[in-house]
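Chemist: Residue numbers (my numbering), protein chains in the order written: chain A, 1 to 116; chain B, 1 to 109.
Simulated from the structure, these hints should not be mistaken for laboratory data. The reader is advised that the hints may include incorrect statements.
Now the stretches of chain B that chain A is said to cover, found in silico as 3 or more residues with beta-carbon under 8 Å [said to hold, decoys possible]: (1) 40-46; (2) 93-101.
Chain B side only, calculated, beta carbon under 8 Å to chain A, not exhaustive [stated by the list, open to error]: (3) Val-19; (4) Phe-34; (5) Ser-49; (6) Ser-52.
In silico SDA-like pairs for lysine to any residue, Cα to Cα no more than 25 Å straight-line [as the list claims (entries may be wrong)]: (7) B:Lys-42 <-> B:Ser-81; (8) B:Lys-45 <-> A:Ser-27; (9) B:Lys-96 <-> B:Arg-41; (10) B:Lys-2 <-> A:Gly-40; (11) A:Lys-11 <-> A:Leu-116; (12) B:Lys-2 <-> A:Glu-56; (13) B:Lys-2 <-> A:Leu-61; (14) A:Lys-71 <-> A:Ser-27; (15) B:Lys-42 <-> A:Lys-71; (16) A:Lys-11 <-> A:Gly-99; (17) A:Lys-71 <-> A:Pro-109; (18) B:Lys-96 <-> A:Glu-78; (19) B:Lys-45 <-> A:Gly-99; (20) A:Lys-14 <-> A:Val-115; (21) B:Lys-45 <-> A:Asn-7; (22) A:Lys-14 <-> A:Phe-96; (23) B:Lys-45 <-> A:Asp-24; (24) B:Lys-42 <-> B:Phe-11; (25) B:Lys-96 <-> A:Pro-70; (26) B:Lys-42 <-> A:Pro-70; (27) A:Lys-14 <-> A:Glu-78; (28) B:Lys-45 <-> B:Ser-81; (29) B:Lys-42 <-> A:Phe-96; (30) B:Lys-96 <-> A:Phe-96; (31) A:Lys-71 <-> A:Val-115; (32) B:Lys-42 <-> A:Leu-39; (33) B:Lys-45 <-> A:Arg-81.
Quantities reported herein were computed from a predicted structural model and do not represent experimental measurements. Cβ atoms here follow ideal geometry from the backbone N, Cα and C, with glycine treated the same way.
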Amino acid sequence: DTGVSQNPRHKITKRGQNVTFRCDPISEHNRLYWYRQTLGQGPEFLTYFQNEAQLEKSRLLSDRFSAERPKGSFSTLEIQRTEQGDSAMYLCASSFTSGPRVNEQFFGPGTRLTVL
Amino acid sequence: RKEVEQDPGPFNVPEGATVAFNCTYSNSASQSFFWYRQDCRKEPKLLMSVYSSGNEDGRFTAQLNRASQYISLLIRDSKLSDSATYLCVVRGGGFKTIFGAGTRLFVKA
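Given the sequences, and given the hints that come with them, work out the whole structure.
Modeler: Encoded structure:
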C-alpha cells in the first residue's frame, strides 16, 4: 500500500504527558499537511510543509505543539504537556506540488489521541 | 462567523432522490474550492474540485458563485453508497485549507 500512513493509530495518555505522532506521506508528494478533527466537525488546519520547510502554521498550533519534517519525507507532530482538550483525531495529508492533481490532498487514517 | 459554513443536516433521502448541499465562505480572496467525502470513521477523500464555470462528474454537479461566496453540490439519482459526510473545502492564496463542519447524508432503500 503506497498511501499515507500514520503511527500510532491510537494513543491514550495522561494529562501532562508528551506525545509524538508520525506521518509518512506518499513518496512522490512534496507537500504535507497536519489537521485535527473532533467529533461532528471538519478537519482543522494545523500546519503545512513543502519539503522540509514549514511554510504555514495555524493559530490553533499553540506553543505546546511542534511539527517537523527534517528530511522532507516523514513528519512528526509533538504535543507537550497534553491537556484533555487535545483529545481528537490527528490527520496527516500529502499532495503533489504540481501537475493535474496538485490540489488533491490524500489523507492518512489518522491518529486518535485520548487524554485522560 | 465561521470561515466555511455548511447546511447542518443530516439529510435523509430515499434512493433515487436528488439532493443539494450548500456552502458559504467568508474570505472573498479564496481561490480554490473542493468537495470532499468522509465515510464514518474514515479519512476524507476528494470528491471533486469546483470550478468557476461549474463542473459535473457523473451524478455529481458542483457550482461556484464567487459574487455570493457560495458553493453547491448536487447529487442526482442517490445511491445507498452515497451515504457519507460531505465536506466543503476552501483554500486562500496560501496553503491554509479550511474545511466546513460537513453535512451528513443518509440514503435509504
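Chemist: So, for every hint listed, does it hold in this structure?
Modeler: Hint by hint, here is what the structure shows:
no.: 1; hint: 40-46; in the structure: holds (count 5)
no.: 2; hint: 93-101; in the structure: holds (count 8)
no.: 3; hint: Val-19; in the structure: violated, 19 Å
no.: 4; hint: Phe-34; in the structure: holds, 7 Å
no.: 5; hint: Ser-49; in the structure: holds, 6 Å
no.: 6; hint: Ser-52; in the structure: violated, 14 Å
no.: 7; hint: B:Lys-42 <-> B:Ser-81; in the structure: holds, 14 Å
no.: 8; hint: B:Lys-45 <-> A:Ser-27; in the structure: holds, 18 Å
no.: 9; hint: B:Lys-96 <-> B:Arg-41; in the structure: holds, 24 Å
no.: 10; hint: B:Lys-2 <-> A:Gly-40; in the structure: holds, 15 Å
no.: 11; hint: A:Lys-11 <-> A:Leu-116; in the structure: holds, 11 Å
no.: 12; hint: B:Lys-2 <-> A:Glu-56; in the structure: holds, 20 Å
no.: 13; hint: B:Lys-2 <-> A:Leu-61; in the structure: holds, 18 Å
no.: 14; hint: A:Lys-71 <-> A:Ser-27; in the structure: holds, 12 Å
no.: 15; hint: B:Lys-42 <-> A:Lys-71; in the structure: violated, 28 Å
no.: 16; hint: A:Lys-11 <-> A:Gly-99; in the structure: violated, 36 Å
no.: 17; hint: A:Lys-71 <-> A:Pro-109; in the structure: holds, 22 Å
no.: 18; hint: B:Lys-96 <-> A:Glu-78; in the structure: holds, 20 Å
no.: 19; hint: B:Lys-45 <-> A:Gly-99; in the structure: holds, 18 Å
no.: 20; hint: A:Lys-14 <-> A:Val-115; in the structure: holds, 5 Å
no.: 21; hint: B:Lys-45 <-> A:Asn-7; in the structure: holds, 19 Å
no.: 22; hint: A:Lys-14 <-> A:Phe-96; in the structure: violated, 37 Å
no.: 23; hint: B:Lys-45 <-> A:Asp-24; in the structure: holds, 17 Å
no.: 24; hint: B:Lys-42 <-> B:Phe-11; in the structure: holds, 19 Å
no.: 25; hint: B:Lys-96 <-> A:Pro-70; in the structure: holds, 21 Å
no.: 26; hint: B:Lys-42 <-> A:Pro-70; in the structure: violated, 28 Å
no.: 27; hint: A:Lys-14 <-> A:Glu-78; in the structure: holds, 15 Å
no.: 28; hint: B:Lys-45 <-> B:Ser-81; in the structure: holds, 14 Å
no.: 29; hint: B:Lys-42 <-> A:Phe-96; in the structure: holds, 22 Å
no.: 30; hint: B:Lys-96 <-> A:Phe-96; in the structure: holds, 15 Å
no.: 31; hint: A:Lys-71 <-> A:Val-115; in the structure: violated, 30 Å
no.: 32; hint: B:Lys-42 <-> A:Leu-39; in the structure: holds, 12 Å
no.: 33; hint: B:Lys-45 <-> A:Arg-81; in the structure: violated, 32 Å
The structure shown violates the earlier hints numbered 3, 6, 15, 16, 22, 26, 31, 33.
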